[in-house]
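So the protein lines, in turn, are chains G and R. For the first sequence, numbering that gives the first Met the number 0 begins at 0 and goes up steadily by one. For the second sequence, numbering that gives the first Met the number 0 begins at 0 and goes up steadily by one.
In short, the hints are calculated from the structure, not lab data.
Straight-line C-alpha distance at most 25 Å; calculated SDA-like pairs for lysine to any residue:
1. R/LYS137 x G/GLU262
2. G/LYS607 x R/ASN245
3. R/LYS141 x G/ILE240
4. R/LYS141 x G/ASN242
5. G/LYS237 x R/GLY229
6. G/LYS456 x G/GLY364
7. G/LYS599 x R/GLY229
8. G/LYS607 x R/GLU242
9. G/LYS210 x G/LEU47
10. R/LYS137 x G/GLN220
11. G/LYS237 x R/ASN245
12. G/LYS274 x G/VAL259
13. G/LYS57 x G/GLU29
14. G/LYS237 x R/PRO292
15. G/LYS598 x R/GLN236
16. G/LYS526 x G/GLU676
17. G/LYS210 x G/ALA86
18. G/LYS406 x G/THR552
19. R/LYS141 x G/THR136
20. R/LYS137 x G/GLN226
21. G/LYS32 x G/GLN70
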Amino acid sequence: MAFDYQKDEQNIVTVTMDMPGRSANVINDEFSKAMMTTVDKLEQEDSLAGVIITSAKKTFLAGGDLEMLFQQEDPEATFKLVEKGKALSRKLETLGKPLVAAINGTALGGGLELALCCHYRIVIDNPKIKIGFPEVTLGLLPGGGGVARLPRLIGLQSSFPFLMEGKQVNPIAAMEAGIIDELATDQKDMFEKAQDWILSNPGSAQPWDKKGYKMPGGTPQHPQIAQMLAIAPAMLKKKTIGNYPAPEAIMTAATEGALVDFETASRIESRYFVKLVTGKVAKNMINAFWFQLNEINSGASRPKNVEPTETKKLGVLGSGLMGHGITYVSALSGLEVVMTDSSQEYAENGLSRIKTILNEGIKHGRTTKEKVDEILNRITATADYKKLADCDLIIEAVFEDRELKAKVTGMAENIMDSNGVFASNTSTLPITGLAKKSIRPEKFIGIHFFSPVHKMKLVEIIIGGKTSAETIAKAFDYGLKIRKIPIVVNDSRGFYTSRVFSTYTNEGLSLLAEGNHPQAIESAGKKAGMPVGPLAVTDEVNLGLVARIRNQTRKDMAEEGKEFPPVPADAVIDLMTEQVNRLGRANGGGFYEYPENGKKYLWPDLQKHFPPAKYPLTQDEMIERMLFAQVIETIRCYEENVVTSVADANIGSIFGWGFAPFKGGTLQFVNDYGIQEFEKRAQELVKKYGARFAPPKLLMKMAANNETF
Amino acid sequence: MVNEAFIFDALRTPRGKRKNGALNEITPADLAAKLLSKLQQKHSLDTAHVDDVVMGCVTPIGDQGGNIGKTAAQYAGWDVDVPGMQVNRFCATGLETVNMAAMKIRSGWEDLVVAGGIECMSRTPMGSDGGAMAFEPKVNLKTSFVPQGIGADLIATIENFSRDDMDNYALESQKRAAKATNKKYFKSLVPIEDQNGLSILEHDEHIRHDITIEGLKGLNPSFEMMGNMGYDAVALQKYTDVETINHVHTAGNSSGIVDGAAIALVGSAEKGKSLGIRPRAKVLAAATVATDPTIMLTGPGPATKKALNKARMSIKDIDLMEVNEAFAVVVLRFLRDMELDSMDNVNVNGGSIAMGHPLGATGAMLLGTALDELERSDLQTALITLCVGGGMGIATIIERV
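Bound-form chain G, shown alone (with noise of 0.2 Å):
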């Protein structure tokens, strides 16, 4: 049995939630039917005193089951499987007895939906607990009652940022809330707290079924409440504009359930449900959020047969902005790291900046004094190379420069552990050729890190010509034990996430190059769902170094007897790099003015250059253009094995460079087009603009098959 039911003598009965063979009971068939049981004999007891639910796992209850929600596509029976579950947890909250949540481990999603549920709710207060509603970020909404409940209970503007936001909260934080009514210091305590609080309250009831209720600060009727629901959907579309309809249909289903009765609020609450989760964006960040990441995180991309490894003291080459990150990020996760550079004064600059924001986390209440100076303890900052002598996995973070590499390599390799890894966290240098100025080829690797480091998730992790399985291993653990997201790809100009990164950047300056309104270029990359517009961000990577690697490229490739395929964003940088020297933010100006004291604006001579086309494009044609550019490139590369699995594709592009997260990422973008629809849209763009949309044979492939990525 999935729940165990005991009646002790003072009538009260205990339900405990215990899925066999799982860790954590989640909401599925099985636990459907245990539930249905369990109500239908709470039914039938005489003299029941009231109910405690609780768990026998570690956490309360993990929520809905996201393999069954992710298969359903038909809104009917969804919409029933939904009301059904719904109708159960309505009958057990209104059987008439007292009912309380002794809440023993994490609570989120289905978990705190039956928590809510119940008429009181306990907690341990365990700061490690986590109570909220992590729905919206997979593309849900809390479709067990979690909308149409939590407003009642707290009001409409406090249960936003949980609702709309995902917000996670500690017990001591949950309570403060209004969502948790009681803390307990352990689970005898939590046990005795709910017997005496089941046993003074025999006549129990949720506040909005008893006579006279009034939702907490007023319903949408209130003028208080109505002034913040009319200014709230802008600040919704200001975040999202408008791409995540979950947010949406939270902000939708709550303020319109705030108005009517109970039982119509949850009906609301369903449709709304349903309408999302058969949706395409619950389907797309369900895959990439939920399967894709943990694909990952379980070590897909790992080599199979090589022993868990550890790395024991990190040796990071030079301190400047990716240097200094590594290293902040490493001692957080609990290494001992030595960080050097030429000087001892530029090794201390780079260990102030890591104190820097160390002290931003104490200033926040993220962390405390005597945490940050374990940290710092760990940390080695110093000019003196022979403290890299023990070093297992070395990091080098120094320019951009192959012969300055060839050097510290060279130096480092020579003092360091005999059997470490040593890595290099370049973004543009191909590793194998790096590798040939290694003493030990095997056992070199690409580690390439995002800025700002501590807060770029990815990590892309390359393999050399001749890097071992045991080297790569070493570096994809490096990158879990550092709590970052490690994909593993194949040596290529660019790697997989630049190389494909620029095609957006590419794009935009295409599109400015045609006499498209720059302003409305930006535009278009933020609707396609680009954290940056594509000329902003050029600014901030700058425009010699655009130029420089399109150069060095067209070179390499001219040495390959391949021709360089030319684009109309070419104009555009030999403009900006050879006429007027405006290279971007780094050098006082870009495709933007950077005033002093002031918001950057568009530089008003661009227009002068690329006059306006008489028939500009819509910001649907851009945005196609932007998105199909990057997702043609990467089917590019997992055609030809730069990139090797689907997860590490779309993971890839989400985490690496923000590509458009409602989609899944870059190849789950072409299951969510339709991959015939998607291979005929390439088609016409080429036919438009040129040779670079051509779909790859692997996609033409797959779209005469009808498959999917």
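Since the structure of chain G is provided, determine the placement of chain R on it from the hints.
Quick look at chain R alone, frame taken from chain G:
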């Protein structure tokens, strides 16, 4: 043969300030009834002849809710046979009722109609009637709702009008209104008295006779904060060629929030003849349009063109124009739309920036103001136009008879 619709008269109350204003104390039913009574007395009107009282109100709740048209007619002691109704076309309401009255007359189905509108904004704040456009999230989201001020600032940004342009316009509105008041140009104005015959308000109370350009320039932009919170982003997601919205509108160069009411008596020639009331003008054409609801305030140009087209006239045939000063930019944008390069015959006696904009009444007030000025200056034709919430626009063309 079309039945022409004649305007026999137009009356209005003075406009009272929202804060500590003289009209705050008067209920809407009372204020509207005072105008109806004045009309009745002035023309010794047997009210049994009135086919309908069509009265507008934009926020028809509380004491101005529940069909203010019928309520006012009843309270004014008009004949029990007189029906009444309430109309809402947002800021166009007061003029819409005139147009509806004209349509009733031109259809031949009715012969004498009272049109008009009321808004006691001090008692019933704007927006307090709720409504899905702003307050229902799914509607708000789908239609890219932003408040009018954001639309006004967006127009100024697109048209490249500066803050100075707005403030200079506002100063001119105030000067013109002050002059018209001092010289007693507003013949349609009915002083408001209490039940003892004591004066409550005789003139438009919102006019700032001591206004200076420096004072105007010192005011904070009204819509910047809400714009930053999200409304700017919503508008710019639609107006993708615009980088940032320049917030140029202030309390000084936008229309004032006031209390007021206005009515007009519209009827057929025959009815006028039989009652012995001389018509002052006839309605040549009326038009309503809608444009993009997010930018919201660009309706007057298209509405005017539609009305001119119906009347087979060109803008050059219009002697006098009343363009509602909801925001300074609305008038400036209208001039540009109509390719007019002078303000000489536009809002010659000021407008809503100086005198205030009692939402449901303003359209009917502008009609009276235009009529008074046509007679005073001995001109023939006038255009009245307003921008309207939801992106709508309205225009009416009248001709003296």
